[in-house]
Amino acid sequence: MMRGIHQNFDQQQAPAFFARGPSPLARLTFFTALSLALMATDSRLQYLANVRENLMTLLHPLQVIANAPLQLYQNTDEYFSTHHYLLAENTRLKKQALMQGIALQRLNLLNLENANLRSMLDAKQSLTETSTLAEIIHVGRDSFTKKIIVNRGKNHHVVTGAAAVDAKGVVGQVTRTYPASSEVTLITDKSLAIPVQIERNGLRAIAFGHGRDNTLDLPYLPANVDIKRGDKLVTSGIDGVYPAGLAVATVIEVKTTQDSPFAHIICAPTGGVENDRQVLLVSIPKIELATAIEALNSEKAMPTTTAEPATTNNAALVNPSTQTTQAPKPAKPLSAQKPLANVESRPHAQQ
Amino acid sequence: MRNNKLRSIYFSLFAAFICILFPWSGIALTLRPDFMLLVLLFWLLRAPNQCSVGTAWFMGLWVDLATGGIFGQYALAYTITTFFAVIYQRRLVLFSSTQQLVYVFSLLLLSQLILLVLKAFAGHDFSGWSYFLPSVTGILLWQIAVTLGLNTGRHSHGN
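Taken in order, these protein sequences are the chains called C and E.
Take the first sequence: its position 136, counting from 1, is numbered 121 in our numbering, and each next residue is one higher.
To convert a position in the second sequence, counted from 1, into our numbering, add 53.
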C-alpha cells in the first residue's frame, strides 16, 4: 500500500522515463574520448603495463574457472580412454624413446666434443638454457592477433622474450609476463619475426608471421634465391632469443612474379601452433647472449657494438649476402635496406 | 525491486564475461557470438536507467583485457554501439520483434565494423567475410532467447 503510493508520487514528481542523467550524446563524447586516449596511451607509451599486470592478476581466477569445464572433460576423457588406445600410445612412446635415446647418446658425445673445441678456442662456455613447462590456459579470442596465455608467469621465473617451444618446433615468444601467467605471441602473428636459417644450405633470413592463414612469410629475398618447396627452416640462434637449430617451419610455396624483385615464399609452422596443450618456455641466460653478440661483432668487425637483439636481427638479415654463394648480388642492397626499418617497427624487436 | 534488477544485471554481465573467457578454439572461435554486447544491448532496452553507455564502456575495458589487445578497442566499439541503442531505445521497445531483430543485428554489425576499422589502423588485414559470422550467431542467439520467452523490453516501458 505504502509502496504503491510512493511509486505514484515518484512518477508524478519526476517520471523515471525522463530522468536519465547526462544526455547520451554527452556520454558518447566523454567515453569515446576516454577510449581514444586509452588506446593512444597503451599503444605508444608504456604507462599501462603495470595496470594491465595487476588487472590480469585479478582476472586469473576467472580464467581458471572458465577453463575448468574443458579441463574436467579432458580429465574424464583421459580416465575413460580405452585399453586399445593406451596400448597404441605406449608402443608409439616406446619407439619415440628409443629414437630419442640414440639421439641423446650422440648429443652427449657432441657436448663433450663441443666443450673440448671451445676450450681449445679459448671461448667462453655457453650455459645451458633454463626451461619451464607451461600449460596453455586459453587461446586468444581476438581473430586478428595470434596469442595464447599460459599458466606460468613471473612467479615461476618466466621472463619476457623467452621462446615457447613444443616437441616439434618453435611455437612463439613470451611477450608479456604477469605474476601467475604470461602471454605468448605465436610465430604466425603478424608482429612477430624470427631469424631462421635454411637447413639445407645455411641461408639466413627472417620469417614473419602472416597473421591470418596460420603461415609464415619469408619476405625480402631475391626472386632467384635458392629456396625450394619442402625446405626446412630452423632457428639460427643469432638473435639471442631462440636456441639455434630448432625447427620453425617448412616451405610450402615459392612464387615469383614478374613485377616484384622479391620471391613470395610461404611456410607452414612445424610446431603445433594451433593444437597444443603444453609448451616449453626456454630462456637463454644473459651470458650466452653476450657471448653470441660478441662473437658476431668480432666476426663481422662492425664498428657499432650494441647489445640489442634488434640489431642482431638486422645483422642476421644483412649477412646472407656474405654467407651464400648462390645468392645473387644485384638485388641484395635493396633487400638488406628494407627490413631494417621493418624490424625496428615490430614491437617484439624492441625487447 | 531495483536492487534485484541491478543484481541480475551484474550477474548476467559477469556470466557473459565468463562465456568470453571460455577456451574457445577452431570453428567455435570463428562462430562465437559477442556475449557481452548481447547482454549489454538486452539491458539497455530493458533497463535503460540502470545500464548505460558508461556500463558498456566499462565492460568493454574488461573484454579488452581478456583479449589481450590494446586497451580501449572494445570499449570504444561498445560505447558507440550502445549509444545508437540508447537514442532509439524508446522507439525500439515499441518495435515489432522482427524490426527489433533487424536493429539489433545492425548494431552487432556496427560494433564489428568499428573493431575492424580500429584493427586496420593497427596494421591488421581484413580476414575475410567469415569475420562477420559472430554477428549472425549473435542474432540467432538473440532470437532463441526471445523465442524462449525472454522479454526484450518490448512491453515494459523502460522502468
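The set of hints was computed from the structure by calculation and includes no laboratory data.
One thing to keep in mind: the hints can contain errors.
[What the hints assert, rightly or not] What follows is a set of in silico ranges between Cβ atoms, one per label pair, in the way DEER data are often shown:
#: 1; chain 1: E; residue 1: Leu203; chain 2: C; residue 2: Met84; range: 56 to 62 angstroms
#: 2; chain 1: C; residue 1: Ala53; chain 2: E; residue 2: Asn204; range: 28 to 34 angstroms
#: 3; chain 1: C; residue 1: Gln31; chain 2: E; residue 2: Leu203; range: 41 to 47 angstroms
#: 4; chain 1: E; residue 1: Tyr63; chain 2: C; residue 2: Gly6; range: 17 to 23 angstroms
#: 5; chain 1: E; residue 1: Thr190; chain 2: C; residue 2: Val144; range: 37 to 43 angstroms
#: 6; chain 1: C; residue 1: Tyr70; chain 2: E; residue 2: Ser149; range: 53 to 59 angstroms
#: 7; chain 1: C; residue 1: Val49; chain 2: E; residue 2: Thr200; range: 47 to 53 angstroms
Beta carbons: idealized from backbone N, C-alpha and C, even for Gly.
Evaluation of the provided hints:
Separated by about 58 angstroms at the C-beta atoms, leucine 203 of chain E and methionine 84 of chain C satisfy the suggested range of 56 to 62 angstroms. One distance hint, 28 to 34 angstroms for the beta-carbon pair alanine 53 of chain C and asparagine 204 of chain E, holds here, with the actual separation near 32 angstroms. Distance hint check: the CB atoms of glutamine 31 of chain C and leucine 203 of chain E are about 44 angstroms apart, consistent with the given range 41 to 47 angstroms. Restraint check, tyrosine 63 of chain E to glycine 6 of chain C: a C-beta distance of roughly 19 angstroms satisfies the suggested window 17 to 23 angstroms.
Evaluation of the 37 to 43 angstroms hint for threonine 190 of chain E and valine 144 of chain C yields a pass: the beta carbon distance comes to about 39 angstroms. For the hinted restraint 53 to 59 angstroms between tyrosine 70 of chain C and serine 149 of chain E, the CB-CB distance of approximately 54 angstroms keeps it satisfied. In this structure, valine 49 of chain C and threonine 200 of chain E break the distance hint of 47 to 53 angstroms, their C-beta atoms being roughly 34 angstroms apart.
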